[in-house]
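Asker: Order-wise, the sequence lines are chains A and B. Take 0 as the starting number for the first sequence in numbering that gives the first Met the number 0 and just add one per residue. Take 0 as the starting number for the second sequence in numbering that gives the first Met the number 0 and just add one per residue.
One or more hints might be untrue.
Which copy? The list can't say, so a pair holds if one copy fits it or any two copies do.
Straight-line Cα separation of at most 30 Å, DSSO-like style, residue types lysine-lysine; simulated pairs [stated by the list, open to error]:
1. K410 / K339
2. K64 / K312
3. K350 / K51
4. K137 / K392
5. K350 / K313
6. K289 / K357
7. K350 / K240
Because the hints were derived from the structure by calculation, they are not lab data. These numbers were taken from a predicted model, which means no experiment stands behind them.
Number of protein chains: 2
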Amino acid sequence: MLDAALRFTDKNRRHFVDELSKLVAVPSCAFPGFPPAELTRSAKAVAELFRKVALEHVQLLSVGKSFPYVYADWLHAPGKPTVLLYAHHDVQPVGDLKKWKSPPFKATARQGRLYGRGSADDKAGIVVHAASIAAYLKTAGKLPLNVKLIIEGEEEVGSETQPEFLKKYAKLLKADVLVIADSGNHKTGVPSMTTSLRGLVNADVTVSSCRQSLHSGMWGGPVPDPVLALSKMLASLSDEKGFIAIPGIYRDVKPLNKVEKESYASLGYTDAVYRKQAGMLPGVSIIGGKASPCHKMWRLPSVSVNAIVASSKKDCANIINDSAWCRVGVRTVPNMSEEKVFKMLAAHLKKHAPWGVKVEVRKVTAGPWWGTDPSDEVFQAAGRALTKGYGKKAAYIGTGGSIPFVGPFSKALGGAPALLVGVEDPFSNAHSENESLDLGDLQKAIRSSIHMYEELSKLKRK
Amino acid sequence: MLDAALRFTDKNRRHFVDELSKLVAVPSCAFPGFPPAELTRSAKAVAELFRKVALEHVQLLSVGKSFPYVYADWLHAPGKPTVLLYAHHDVQPVGDLKKWKSPPFKATARQGRLYGRGSADDKAGIVVHAASIAAYLKTAGKLPLNVKLIIEGEEEVGSETQPEFLKKYAKLLKADVLVIADSGNHKTGVPSMTTSLRGLVNADVTVSSCRQSLHSGMWGGPVPDPVLALSKMLASLSDEKGFIAIPGIYRDVKPLNKVEKESYASLGYTDAVYRKQAGMLPGVSIIGGKASPCHKMWRLPSVSVNAIVASSKKDCANIINDSAWCRVGVRTVPNMSEEKVFKMLAAHLKKHAPWGVKVEVRKVTAGPWWGTDPSDEVFQAAGRALTKGYGKKAAYIGTGGSIPFVGPFSKALGGAPALLVGVEDPFSNAHSENESLDLGDLQKAIRSSIHMYEELSKLKRK
Chain A
0 MLDAALRFTD KNRRHFVDEL SKLVAVPSCA FPGFPPAELT RSAKAVAELF
50 RKVALEHVQL LSVGKSFPYV YADWLHAPGK PTVLLYAHHD VQPVGDLKKW
100 KSPPFKATAR QGRLYGRGSA DDKAGIVVHA ASIAAYLKTA GKLPLNVKLI
150 IEGEEEVGSE TQPEFLKKYA KLLKADVLVI ADSGNHKTGV PSMTTSLRGL
200 VNADVTVSSC RQSLHSGMWG GPVPDPVLAL SKMLASLSDE KGFIAIPGIY
250 RDVKPLNKVE KESYASLGYT DAVYRKQAGM LPGVSIIGGK ASPCHKMWRL
300 PSVSVNAIVA SSKKDCANII NDSAWCRVGV RTVPNMSEEK VFKMLAAHLK
350 KHAPWGVKVE VRKVTAGPWW GTDPSDEVFQ AAGRALTKGY GKKAAYIGTG
400 GSIPFVGPFS KALGGAPALL VGVEDPFSNA HSENESLDLG DLQKAIRSSI
450 HMYEELSKLK RK
Chain B
0 MLDAALRFTD KNRRHFVDEL SKLVAVPSCA FPGFPPAELT RSAKAVAELF
50 RKVALEHVQL LSVGKSFPYV YADWLHAPGK PTVLLYAHHD VQPVGDLKKW
100 KSPPFKATAR QGRLYGRGSA DDKAGIVVHA ASIAAYLKTA GKLPLNVKLI
150 IEGEEEVGSE TQPEFLKKYA KLLKADVLVI ADSGNHKTGV PSMTTSLRGL
200 VNADVTVSSC RQSLHSGMWG GPVPDPVLAL SKMLASLSDE KGFIAIPGIY
250 RDVKPLNKVE KESYASLGYT DAVYRKQAGM LPGVSIIGGK ASPCHKMWRL
300 PSVSVNAIVA SSKKDCANII NDSAWCRVGV RTVPNMSEEK VFKMLAAHLK
350 KHAPWGVKVE VRKVTAGPWW GTDPSDEVFQ AAGRALTKGY GKKAAYIGTG
400 GSIPFVGPFS KALGGAPALL VGVEDPFSNA HSENESLDLG DLQKAIRSSI
450 HMYEELSKLK RK
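This is chain A alone, in the form it adopts within the complex (with noise of 0.2 Å):
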């Protein structure tokens, strides 16, 4: 049965290019001031491939002012673990079109890669699913386990009717494992599972002094400066090395298990690759003490001023600014907590104010972090999947960005673990123009899904 599935997808791998290629053709994006008969159109084009690989009750849904999702299901394997699979069909806005070497709603390939917009963030996610589907059903006429699948309208303009969504059809998206195809590999060719990502707390600070700003001539001396008082208190925030000097702030932080250790280590991710990518200047320090760049950017908190303003670049005379602003974005990690971090934050910015200036810091955001065992058995029979598909070992890997639905969308189906795979690579532009997706890549991932319905159909249902 997996035999005659793999042969089947090897076999037919240029059809399932031209299925991606008709779903990159619609400009599916759902910022405000796009077409959102787009969308529909793009939720029927998803529709009409699920059909066709023998999906059963395929339908548009939506709830309050959504985006059509596309719901599917194949639930003929009675005992078996239900695994729902996740992608979305929106996409982002093309950017500068004159950018683009090839029409970004035009499928186009060259040199092993497929290029357009949403052929690889995620359109391809949708193909990984119903090719390694179709490869089952149009061969064994039947999956080892049973399948739903979730494919969402709106998920690049922050998924915001998701919960309500999640609520309203908890019961029928209900299943044992959660597959979030929307990640990527750490390099091309290597399969990757993101087991962790990092939180997010945003919080503004005001920093004031006087009841309007004052002629730095006439009134200078006697009056403290908000932004100077301002980078006092940011200046108290990392140390020497470039740690976050907020005491305490590393406590929560759970260590990197063997899995985690094992696997950032394998990935020959150094100093200087993180130097080129970053694209840092030369003679600039890499900061934060001798972890390496992927354990800092994943598994360990970082502070950044995201805006400072105090006047402008084209206002600017010579005052003394009534006020300073800033917005302080700490990343967290699992065990942190939001909550904490946001209070442990305001403490010591006011601690650090000098001058009896007036201080207002008022949270913005409290994203939270997401993290899983890698050691649990699902993501070992998952990491095996990926091993055979690609033909290379699995890493298990972090991300430092928050995708803040993975949690609650886990919750919601019950504490159901979530699996986030994906075909992007770091070639992919995934929000940029020319973005692309390696056709070894999705042939392997089509492969590796294949192994992973197999894998998981021997655990036992919880």
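Could you slot chain B onto chain A? The hints should help.
Answerer: Below, chain B alone, put in the same frame as chain A:
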């Protein structure tokens, strides 16, 4: 001769308020976008006033694209000193028309004050010169010394063509003493003479670490945040008490002399007065040690960050900025070297830049301070005149802001001492809405000028 002049001016008090009102009626704003013809109309109105008071060689002068200056003289006191009287006939824009309680270009008297744009700054200066000269010429038919008047038409927009003008007309303007009637009194009814102006060193500082901004989640950790780096640099600029922390910065500061010390002490300018006038928020400390606020504002250096920008409130995203920019301003005092201050500032900032970030410090301006010795006989003579005219002891004050042309002006006239006087008081709102002039002070200033010609006529020409 003196008494007759004083009687004349008291008798004709109303007349010169009317003359001032005529000048106020012309909207002579030299800012871009305002009708240039009004500057010519304004200059002609000034010329008419000067002709009426029997001044000679009344003419409009200009150089290059300058707005018209008005020149006049009376030079029939051979062997006596020549004083050059300066004021300007251009005004600030009106600001928010809705905030004006009476039309800005219709001089309106209310409760002893005359409201209108330019009533204080600086059409009053023109009228003080004209009225005090008229007092002599209309009674004795002569002045006790020689006078030249030069009334500028573009002071509020930065006197850009003034250097060229001074060069072209150096011979015409030659004088022994320069009286600049464009300052103000420390309190209503208390005559003040400005004996020092602060200079200004402005520097643009740019800190960068990467070729482009980075997603703070995906990349945050290993790379130094330019805003945090800049914060550490700016934090190093002042110490806990708010003193400038650039080593040696206070070394060249000229201590207050006896006249300044006594005069500052006599003003009763306490921290509480400063706190109220500056609009300081409750709980905010007065910084910079125990010196009086006027000492700090006028004769000690100060530092402020006039603007700081990385990203913006509107576009604030979860990023590590590629760079952070700010403008730092250091106010200088006698006998600091602007060049040296810039070098010290740049070196100090670079020395405190952490993590190898790239720092660029660019000089924007380095305008000179100006200071004079108030114990010189010219100032003592002027002080006596002010004391007689106001019936209150004249104060020697400083001004914290710069009037960049005072030094060059004095230099262009062969080093003639410059007397900075004026009729503005703390309620004049000179650059704001509802500009006004205390009519009592106008009369006192005219009487002081009459005394001043008398006093200065006794000086030996150098």
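Asker: What are the numbers of the hints that this structure violates, sorted from low to high?
Answerer: Hint 3 contradicted; others consistent.
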